[in-house]
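Visitor: Sequence:
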Amino acid sequence: MNKMPAWFLIANVLSFQAIWFIAVLAGNGSALALCVPIIFLHFLLMDRALKKRFNWKNEALLIVACLGIGVAVESLKLVLPIWDTTLVGHLPPLWLLVIWAGFAISLHGSFAFLHNRFALASLLGAVFAPLSYVAGARLSDSYTLLDPSFGVVLIGMVWVVVMPLLVWVAGVLPAKKPQCPELLTDCTAVANAT
1 MNKMPAWFLI ANVLSFQAIW FIAVLAGNGS ALALCVPIIF LHFLLMDRAL
51 KKRFNWKNEA LLIVACLGIG VAVESLKLVL PIWDTTLVGH LPPLWLLVIW
101 AGFAISLHGS FAFLHNRFAL ASLLGAVFAP LSYVAGARLS DSYTLLDPSF
151 GVVLIGMVWV VVMPLLVWVA GVLPAKKPQC PELLTDCTAV ANAT
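Mapping the sequence shown onto our numbering, position 70 (from 1) lands on 70, and the numbers just tick up by one.
Wrong hints could be hidden among the right ones.
[Unchecked claim] Straight line, CA to CA, 30 Å or less: simulated DSSO-like cross-link-like pairs of lysine-lysine:
1. Lys51 - Lys177
2. Lys3 - Lys51
3. Lys57 - Lys177
4. Lys176 - Lys77
5. Lys3 - Lys177
[What the hints assert, rightly or not] Estimated spans, in silico, between C-beta atoms of each pair:
6. Leu80 - Arg53: 37 to 45 Å
7. Val64 - Leu34: 15 to 23 Å
8. Asn116 - Gly27: 34 to 42 Å
9. Ala33 - Ala119: 32 to 40 Å
10. Leu78 - Leu139: 18 to 26 Å
11. Asp47 - Gln17: 19 to 27 Å
12. Leu34 - Ala119: 17 to 25 Å
13. Ala6 - Met157: 30 to 38 Å
14. Pro174 - Ser149: 38 to 46 Å
15. Val71 - Arg117: 23 to 31 Å
16. Gln179 - Phe21: 36 to 44 Å
17. Gln179 - Ile10: 22 to 30 Å
18. Gly68 - Val13: 18 to 26 Å
Hints are computed from structural coordinates only; laboratory data are not their basis. Just so it is clear, the structure is predicted and the values come from calculations on it, not from any experiment. Ideal Cβ positions, reconstructed from N, Cα and C, are used throughout, including at glycine.
Turn these sequences into a full structure, and let the hints guide you.
Guide: What follows is the structure, encoded as structure tokens:
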């Protein structure tokens, strides 16, 4: 992916952090709806950053793919001895899936530097994902880690695989439409082929 402007990367980091805090603090409350305009704003900013060559369809598919992976990962973590499932239930809560959607918008933004760097993605996933879950558990009364030290290790092991998978999916669904050759008069045929 081409280098993104600094203003976009800053906005992208702030957008994901806003979604994370809103979701963790609101739980399944009505404030969760504030995350929708933040995600929409990401699309508008990405379109501007990529000078109207933004592939909206791929970005939407990336969010859907991340939500699917998120459901699988969070369902797995509900089976593992990590969470107090009396608070969480047997399916991932909506607010947690909103965080996955928020994370998806960072894959072509602030995490774009991980493109084709799967070992680094694995390392970052192993270190930072557990920290995010622990911070969320401390800020929220929506979920509790059964054994924080054991939970951190299990979450890290899961994200050793999940983070490179997400980076790979983001690479398969590029955010930028291909450059149209000057000889073609209909560039939509080239864009739709990707």
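Visitor: Evaluate each hint against the coordinates.
Guide: Verification of the supplied hints:
1. Lys51 - Lys177: holds, 10 Å
2. Lys3 - Lys51: holds, 13 Å
3. Lys57 - Lys177: Given pair Lys57, Lys177 holds - Cα atoms ~10 Å apart, limit 30 Å.
4. Lys176 - Lys77: violated, 34 Å
5. Lys3 - Lys177: holds, 15 Å
6. Leu80 - Arg53: 37 to 45 Å: Since the Cβ atoms of Leu80 and Arg53 sit about 42 Å apart, the hinted range of 37 to 45 Å holds.
7. Val64 - Leu34: 15 to 23 Å: Holds, since Val64 and Leu34 (Cβ atoms, about 21 Å apart) stay within the stated range.
8. Asn116 - Gly27: 34 to 42 Å: holds, 37 Å
9. Ala33 - Ala119: 32 to 40 Å: Distance hint for Ala33, Ala119 holds at roughly 38 Å.
10. Leu78 - Leu139: 18 to 26 Å: holds, 20 Å
11. Asp47 - Gln17: 19 to 27 Å: Since the Cβ atoms of Asp47 and Gln17 sit about 21 Å apart, the hinted range of 19 to 27 Å holds.
12. Leu34 - Ala119: 17 to 25 Å: violated, 36 Å
13. Ala6 - Met157: 30 to 38 Å: holds, 34 Å
14. Pro174 - Ser149: 38 to 46 Å: holds, 39 Å
15. Val71 - Arg117: 23 to 31 Å: With a Cβ separation near 26 Å, Val71 and Arg117 satisfy 23 to 31 Å, so the hint holds.
16. Gln179 - Phe21: 36 to 44 Å: holds, 38 Å
17. Gln179 - Ile10: 22 to 30 Å: Between Gln179 and Ile10, where Cβ atoms are some 26 Å apart, the hint holds.
18. Gly68 - Val13: 18 to 26 Å: Holds, at about 24 Å.
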